[in-house]
Amino acid sequence: MTTRVFVYEYLSGGGWTDYGDDAAADELLPLGLSMRDAMVADLMRVRDCSVSAATCVPVNTLPAHAAPLRPLAGESAFAFVARQSALHDMVWLVAPETDGLLARFQRIVGDARWLGCSAEAIELTAGKHATLVHLAAHGVTTPLAFEHAPEIERWVVKPDDGAGGVATHVHTRRAAALEDQARRAQAGAAVTLEPWVEGEALSLSLLCTEQNAEMLSVNRQRIAIDAQGRLCFEGVTVDALGRDDPRTRPLAALAMQVARAIPGLRGFAGIDLVWHPQRGPVVIEVNPRVTCAYVGLSAALGRNLAAELVASRLHGDTQDRELARAHV
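For the record, in the sequence shown the residue sitting at position 293 is 275 according to my numbering, with numbers rising by one throughout.
There could be a bad hint or two in this list.
To be verified - With beta-carbon atoms standing in for the labels, derived distance ranges:
hint, residue 1, residue 2, range
1, A46, E180, 42 to 52 Å
2, P12, E135, 30 to 40 Å
3, L296, G146, 14 to 24 Å
4, E102, A127, 22 to 32 Å
5, I207, A61, 37 to 47 Å
6, R29, Q168, 51 to 61 Å
7, P245, A68, 49 to 59 Å
8, A169, G82, 45 to 55 Å
9, R156, R27, 47 to 57 Å
Since the hints were derived computationally from the structure, they do not count as laboratory data. Glycine included, every Cβ here is placed at the ideal spot set by N, Cα and C.
Whole structure, please, built from the sequences with the hints as guidance.
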């Protein structure tokens, strides 16, 4: 029996015209395209699986043999996803958490077809400050632990529900950071101010089930700060830390700790963190969806992560996921 999977990446599926911030959309669209194409390419190698994916006029090409789908004239992104959801067995969707987008899509699709985290997990992790407070209450080290640390020399102001490095500024004076926060808040933006934690910027890629959170890889994030203090995300090196790196074991334990603190994490998820020279891992945020680190990860691991996701959803046990691995 063929399983019909619909892949929808918000920006490349047409949402870039509705995003409300042209600069942010321009910055995020190439990342969205790369994630969508990696997801589709992996799904195309899954046995007994037909794959459709959303496209729009500027970005209307897909990996070979995937079926392109477009919204009807005047059809909203939410109506389009609802219509396609009813025509498919599973929906694998990527969207920014900004303005509650991802959580709204999850509720539209519903648990039965959704390949990913629960609406509750998405809503919690959409708020960066609320996520840090929640994780700190569960014993996870976050930037909140550095709020009164004398060694802090920089502070970061960013959207509380932002994606990537969009509208993120690093300040060398706390007073300037407070002014930035107040100015944006006065303009109606929800922003958060945190101590800038020094260390190596890393991310964890997770494959989550109800019973387990497997740390697939530790990735190195390439982040730059320009002369005006604007943070720029320049990419990610997938699977950058070898299994013999002494940080790997505590990071795997951290992945389980975060998953226990946020029980609704399912499927692919990511954790952004900084490895502090003295304090070890400091969690910056949790991404309840496919991240940029998915691109190339199946090949790096010699697995088909999409096949494992589909098998886990269809059958839910380890044996079927192991069978999926055998068909890379």
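To see whether the hints hold, each was checked on the structure:
Range check, A46 to E180: about 45 Å between beta-carbon atoms, so the 42 to 52 Å window is met. Range check, P12 to E135: Cβ separation about 33 Å, and the 30 to 40 Å hint holds. Take L296 and G146: their Cβ atoms lie about 32 Å apart, and the range 14 to 24 Å is violated. The beta-carbon spacing between E102 and A127, approximately 25 Å, falls within the hinted interval of 22 to 32 Å.
Separation of I207 from A61 is about 40 Å and conforms to the stated range, judged on CB atoms against 37 to 47 Å. Remark: the range hint 51 to 61 Å for R29 to Q168 is upheld by a beta-carbon distance near 55 Å. Between P245 and A68 the beta carbon distance is about 28 Å. The supplied range of 49 to 59 Å is therefore violated. Restraint check, A169 to G82: a C-beta distance of roughly 19 Å breaks the suggested window 45 to 55 Å.
Between R156 and R27 the CB atoms are about 51 Å apart, so this pair conforms to the stated range of 47 to 57 Å.
Consistency note: the structure conflicts with the earlier hints numbered 3, 7 and 8.
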